[in-house]
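A.B. asks: Each chain is listed here by its residues.
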Amino acid sequence: MTLRRVCVIGGGPAGYAAALAAARIGASVLLVEADRLGGQCVHHTCIPTAAMLSGMTAFLDAQESALAGVFDLGEEFRWSRLVARKQRLSAQLASGVGRLLSRAGVEVVAGRAALTAHSGAGGVEVEVAGSDGSVAHHACDAVVLATGARWEAPRIDGVPPERVMTADEIHALDAPPAAAIVMAGGPAATAFGVEYAFLLAAAGTSTRLACATDVVIPALDADLDPLVRGALATLGVECVGALDGGIMNGNEIVVAADTRLPGLDGLGLQDAGIATAGHVLVDRAQRTAADAIFAAGDVTGGVMTSAAAEYSGRVAGANAAGATQRARAGATPHVLHTLPEIAWIGRTEAEARDAGADVRVGIVDLASTARAVTLGNRDGACKLVADATTGEILGVHVIGAGSAEIVAVGALAIQAEIGVDQLAETIQWHPASSESLSAAARAATR
Amino acid sequence: MPAEVVIPKLGMTMKDGTVQRWLVAHGAEVNSGAPLFVLTTDKLDVEVEAEATGIVHHVVAEGTTLEPGGRIAWILAPGEGPPEGTAAPSPSPASATPPASPPAPTRAAPPVIGRLVATPVAKRLAAEVGVDLARVAGSGPGGRITKEDVEAAAAAQPSTPPATSVGVPVAGQRIPLTGMRGVIAQRMTASLQEMAQLTLGFDVEMDAVEKLRDLLRADSERTGAPIPGYTDFVVKAVALALRDHPRCNATVNDGAIELLSDIHIGVAVALDNGLVVPVVRNADRLPLLELARETRRLSEAARSNTLTLDEMSGATFSVTALGMHGIDFFTPVVNPPNVAILGVGRVRDGIRFTKKHRPKRRRELTLSLTIDHRAIDGAPAAQFLRAIGDYLAGALRLLS
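These protein sequences, in sequence, are chains X and H.
Counting in the numbering used here, the first sequence runs from 1 upward without gaps.
Counting in the numbering used here, the second sequence runs from 1 upward without gaps.
Hints were generated in silico from the structure; no laboratory data involved.
Hints may contain errors.
What the hints assert, rightly or not - Which stretches of chain X does chain H cover? Using the computed rule of at least three CB atoms under 8 Å from a CB of chain H, they are:
#1 134-141
#2 259-267
#3 433-443
Stated by the list, open to error - Computed, partial: chain H to chain X, Cβ under 8 Å:
#4 G27
#5 N31
#6 S32
#7 A34
#8 T53
#9 A61
#10 G79
#11 T119
#12 L125
#13 K147
#14 E151
#15 A152
To be verified - Here are some chain H residues pointing at chain X (derived, C-beta under 7 Å):
#16 L76
#17 P78
#18 G81
#19 V117
#20 R124
#21 A127
#22 E128
#23 V129
Here a beta-carbon is modelled for each residue, glycine too, at the ideal position from N, C-alpha and C.
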């Protein structure tokens, strides 16, 4: 028997995770990337945003320490240097992805891939159009579609298209815009808009945040919404309603922070018999409607985050190589690297109740915790939602210092199905942010 | 270099072995020395450890039986393929590829012997909905049973009523061993596993008790005092006899028999969905009428589910009665940590022969005494029974 030949289309988080997973269990893997390895995550979303925000939060932290008299304030914030630094860090990560793939024996090909009409019972054929005009055909036993998403700037009534900028355009600017109105939500169901409002406001842009919903972040428990609004207000960000041309000020640009749509064009999906509904439809094993064709990441729609893409990519890659895994994606965390940090995982209390759960919640005011005090009296809150009958952790929602750290423990508890009573008994370092999660668990078990 | 995994030869007489369960999934990583699969032979089940580190590539499915030396898997280096001619097996039921829509594998797996791995939430949910985890196929990492697996198994069960429902049992119903049933199951099994139990039957004369009871009944119409039941008389007789037979009022602990100074008698009370054993404290010191009042109060509390934990703990000896159901003799199971339990049968007509060999009617009942033979031998147990019989035959001594 020869090795299973797996072709992965796309080199972003879903694609490289799929390629590595397939190679790991003995498949021969070909990865086709049309642009740059690393995908949106490394070049346009997570990594550039996190790199920009880390510089920004360091600056704000320093300003706060200066105000507290710990040291003298002298430095000025330099947007252009932050952009340059971000470029270097993104490039570093992209080459890291390349090294990882080559070490795993994955063959990487530059070009645009499509499924051909020859695909059928005997396997799948992939046609790769190289950037140099060459065309090659590859016969495979299985294919993983991981083509990600594409930016699509929204058309807004009364706003000329040249005044609408997507996130990738914002962090390529030489200087921050004078005034901006940021769209909080979008079809990708993320909250990156909040990060951009924070970034721009801290950089001196007169910033407003347009929220189409009652709360700023729909996926975050509504009890924490006032704290999110408070943090934004501290930076001078004003929250307004849904965006239309009528509320625009003269010099404002519109920031469409996350208006990405699954990238379905030019793949030959219809001829291959793959069902779509604005995105590729997959089952829990990441299989599409067509034999031997799997899909993962943003192209499958839903919540478009790298964390979800990477996880579904691992499952798709392993299954393409002959494994029989099933995705359990309920425990995908979200983190906003703002100041204070905002992070969540799982359901809000309202969602859990709507789903019919008998719910118990535990809330801890972070302002009274030792860690928050040692950081200079930070405020925030941690809310835990659990099932009253089984003790299952249904959601963890945090705003404040160390939110990501707290939610990371929540992610472990949810995926491992650790109960709230066991979580309540865990020992955490003192003083550390993670103490708050144990405390919230104890509050929920009382 | 791929490392071959074969069925090991565990002894001279081993003819073949079965891969009962893979402990590392196909495609997953294993470290040398970590458990790789459960091997079943005609004599034993053993966990076999991996002898190399790498990616596990199954060659056979669970349930496959081969002779020692038969190849069952490869352990591969990352990126390495298995040698020619070894295809991966078709998936076993536990890790079956799901059908196109989300449903989890719902097939009932055969009961698994040995260690069951389930997540804490899965265990709690299984207890709640009455699913037997031994029959659930795990789909989580390493075959771990997840909440979703339990939900699927529960959905596949034929119309299970809620675990907490009581009342008339219906055929086909599954009553989980949880709550009171769980406690009974656990305690009774532990009792028979730990102790060397022996039951002795002994008929006692109840004429005196019956006469005294008739007097007390007449008295009760005037004073409103409670009429002691037959069991109350027996409890009182037992409590007094225990003073002279301290071996029966004991507990076995840490390799020693501890004789107890207080005499607290547990009295079993049957309920719709089980039984409880409330305790009459210092029964030897309670006058019969007060003892009767106390047993009545306790059994009412038991039926209304208002017994406190204190009222149910601390028994040094137990009494259980089945006489009202027509039973004469039975073999009660000792209520740990006691060393003996007395079963009370039906009060019935019997025959006694006079010195002149004339048959004469008498009232009698059979006592069934189960003892823990580790603490008490047959002869002293018989003497204890005789002492109880003597107290019952001379009923007036029971009054005070």
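A.B. asks: Holds or violated: A61(H) as interface residue toward chain X, Cβ cutoff 8 Å?
C.D. replies: 11 Å, violated
A.B. asks: At a Cβ distance under 8 Å, does chain H reach at least three residues of the region 259-267 of chain X?
C.D. replies: Per the Cβ count (0), the hint is violated.
A.B. asks: Have a go at the T53(H) hint: is there a Cβ in chain X nearer than 8 Å to its own Cβ?
C.D. replies: 13 Å, violated
A.B. asks: Have a go at the R124(H) hint: is there a Cβ in chain X nearer than 7 Å to its own Cβ?
C.D. replies: It holds, given that the least Cβ distance between R124(H) and chain X is near 5 Å, below 7 Å.
A.B. asks: Quick one, is the P78(H) hint okay against chain X at 7 Å, beta carbons?
C.D. replies: 5 Å, holds
A.B. asks: Mind checking the CB of A34(H) against every CB in chain X and telling me if the closest is under 8 Å?
C.D. replies: This hint is violated: A34(H) lies away from chain X, its Cβ roughly 17 Å from the closest one there, beyond 8 Å.
A.B. asks: Hey, does the L76(H) contact hint survive, CB to chain X under 7 Å?
C.D. replies: 6 Å, holds
A.B. asks: Should the interface hint for V129(H) be scored as holding, given a Cβ-Cβ cut-off of 7 Å against chain X?
C.D. replies: 10 Å, violated
A.B. asks: Can the hint on T119(H) be confirmed by a CB-to-CB distance to chain X that is less than 8 Å?
C.D. replies: At about 3 Å, which falls below the 8 Å cut-off, the nearest Cβ of chain X leaves the hint on T119(H) intact, so it holds.
A.B. asks: Holds or violated: is there a CB of chain X closer than 7 Å to the CB of G81(H)?
C.D. replies: 4 Å, holds
A.B. asks: Would you check whether A152(H) satisfies its interface hint, that is, whether its CB is within less than 8 Å of any CB in chain X?
C.D. replies: Hint on A152(H): violated, closest Cβ of chain X at ~12 Å, above 8 Å.
A.B. asks: Regarding the hint that G27(H) lies at the interface with chain X, is the smallest CB-CB distance below 8 Å?
C.D. replies: Nearest chain X Cβ about 4 Å off; hint holds.
Checked against the numbered hints given earlier, the structure breaks hints 1, 2, 3, 5, 6, 7, 8, 9, 14, 15, 19, 21 and 23 and satisfies all the rest.
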